[in-house]
Amino acid sequence: MTGVTVGLPEIVAGFIVVALNAYALTGGADFGGGVWELLARGPRRDAQRALVARALAPIWEANHVWLILVVVMLFTAFPDVFATLGIILHVPLSLMLIGIVLRGSAFVFRSYDPRDDSVRRKWGRLFAVTSIVTPGLLGMVIGAIASGAVGDAARRLAAVHAGSPSSDGFVSIYVRPWLAPFPIITGVLALTMFAFLAAVYLAVAATDDALREDFRRRALVAAGAVLVMAGAGLVAADVYAPDVLRSLLGGGWASALQLATGAAALACIAALWTRRWQLARVAAAGQVSLILWGWVAAQYPWMIPSTHAIRTSSAPAVTLKLLLMGLAVGAAILLPSLAYLYRTFARAETTAMVNGEP
Amino acid sequence: MTDLLAARTQMAISLGFHIVFAEIGIAMPLLMVLAEWRWRRTGDAAYRELATRWAKGTAVLFAVGAVSGTVLSFELGLLWPGFMRIAGPIVGIPFSLEGFAFFTEAIFLGVYLYGWNRVSARVHLTAGVLVAAGGATSAGFVVLVNAWMNTPVGFQLAGDGRLTGIDPIVGMQSPAALEQVLHMLLAAYAATGMAVAGVHAWLLVRGGAPALHRRALMLALAVGAPAAVLQPLSGDFSARVVAKTQPVKLAALESEWETMRRAPLHIGGWPDVKREQTRWAIQIPAGLSLLAFHDPNAEVKGLRAFPRDVWPPVVIVHLAFQVMVAAGLALAFVALWAGWVAWRRHDVTSSRRLLMAVALVTPLGFVATEAGWIVTEVGRQPWIVQGLVRTSAAVTPMPGLIVPMLTFTALYVGLGAIVAVLIASLVRETASRHTTGDTSTAQQSQ
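Residue numbers (the working numbering), protein chains in the order written: chain A, 1 to 358; chain B, 1 to 446.
The following block holds chain A by itself, in its conformation from the complex (with noise of 0.2 Å):
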């Protein structure tokens, strides 16, 4: 990574991330709950479920808008870049708004139908399998940027309307791109962080030991799996994005990322190893930000690599500037606010009181 210029662009770029780092550490959890409550098993299969959707029932919602915002502040400020996803990654992008709608609806529909067990039951599976689907279709379209291949295919479409002749057919500009091999990988591997921080989160949520013991399980074989995920990661990364990798492993700054990301895992494990929940919880936040901001340190200058730079896809300054001072005015209200509505529900100890009912 060579010298960084910090302007407007940049900025605003920086923050995208950030409310995408959000959307991971908050989002990405919802969504490895689902995972557990999949994969709930043992004597206390109920009660693990039974806290996931306590964990998560009053906070979802909001969780769920730190991926709205980074739509948002995408297209806003970076109208080129957003456009050229929307076309390229069109089917995984459908196919994970699919997945949004379903498990949103069968969230809420698990805690509203007042018909029996085993509706409710019902609308727990499809609450599950979504979960695991989306945020892997998430990953393979971070895979599919990173990779190279959406710009790739991005420049091959221009050209074909441009007139040259081409033998790029669907399948070579709409498909390709995401449905490879490092894509996949990349899907699995934030599914698997996410299921990683869902069971670091659960662990601490949890009131009663013997469920916290099972969600310490849990997170163990989950970090190891994060740790598994992200070797092939980067053997994948040598064979299909070679660039990514120079960049992930070059020097200076990507180094140290790469050293405090491991640091990070090694400390959530202790943590997790000797008990100490808060300092598990602060380790597993803080490796899966620094992979994130690894893959972005990897890709800098690029929003698209090879052909959307920071600097030259950006909106006029004065789009920039309305954002900037709007995200600041959002935050003043926002912060407290969600830092209130955690503080409220940070443990999911009350199990009686749902909607005022006892």
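The set of hints was computed from the structure by calculation and includes no laboratory data. Don't take each hint at face value.
Covered by chain A, per the in silico footprint, the following chain B stretches (three or more residues, Cβ under 8 Å) [stated by the list, open to error]: (1) 81-88; (2) 104-116; (3) 167-177; (4) 281-294; (5) 393-406.
In this text, a Cβ means the ideal position worked out from N, Cα and C, and glycines have one as well.
Given the structure of chain A, go ahead and fit chain B onto it with the hints provided.
Showing chain B alone in chain A's frame:
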């Protein structure tokens, strides 16, 4: 079906689906807060019961509104990348502000729904007020975007079709901004308020739980009826702005072919586009000039004053407009009637005929909303941004758009059916719980 038509259909279905939940998400929190406020003030447990019942419905409908809204934010790029490329930097600002308002709404909805026993009474009520305010604010910002698409301002047009010298703040104050925001918010309160009133009126007619449903009916009417009465006035304001800024849309929705002074108002009828005449309509002499310009001698532009390639689909726009006006007027009439009864007899439940009428108009607010949305959107065709960007130039180059269109249609049809069944069973649950235990509920201590 062409890709363009598939994309337009998918967008129309996505918006038509979302708008119902968005309206409910704006007005329902107000109702639930009013019920809670009444409970805190009077100690009447029926209000508390009502607040929790309404909160349940709000939770379900809000969630569906949130996910279908997410779909829309992505679809801007999935279906209309050409629009976002040009308009993103200008409409992005109101969209971003909408994002923050929606965030506030979602945060405090969590506090409200799950905080009954965790936060103080004052905080709980405040959370509800913030949800209601957040809903109205975010709707306002989104409608500013649509107003800009109808009457774009705040930029210069460069030779390559891009916008230069943009000013998003000026863009948010487009000529249609005030009338559209007003019309949309009133629509939300009128449609939701009158629909909720209708459900409880029907439950009263069936003879269930007078204590609960009477209070529900009064609160819902207090929100819905004034909005329903004001809506035709706001519609008049809207029509005058459209007459000035989008004369071809006005000509289409009225199916007025000739440019003339003392233009007649067409009520009903069927526009025959081939022969350029409107059949079977009731004509009110000088009515259109009077309504559109508040002057019977004003000149109104007819469709023939514009080249055919900028005509919107006249039949759809005209019929949708008739449906919207008819449904809106029916609602306003029932609302006035309820107001009259409340003023004369103080108890709206004493008139069975009124209860039947309120129950009968339950869906009309949403019907009017859908029709009105068709008027504003189809009436702007062939433009996605009036006079600036054609819809055909904005659509994604990806082929095969009929597949996502059919997929999302199936998804929303299924989801709509499930939500309808679920809400119906929540209503039935309320009804059955209270047909027997009504007095005990009312007397229960807090």
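Hints, one by one, checked against the model:
no., hint, in the structure
1, 81-88, "holds (count 7)"
2, 104-116, "holds (count 11)"
3, 167-177, "holds (count 3)"
4, 281-294, "violated (count 0)"
5, 393-406, "holds (count 6)"
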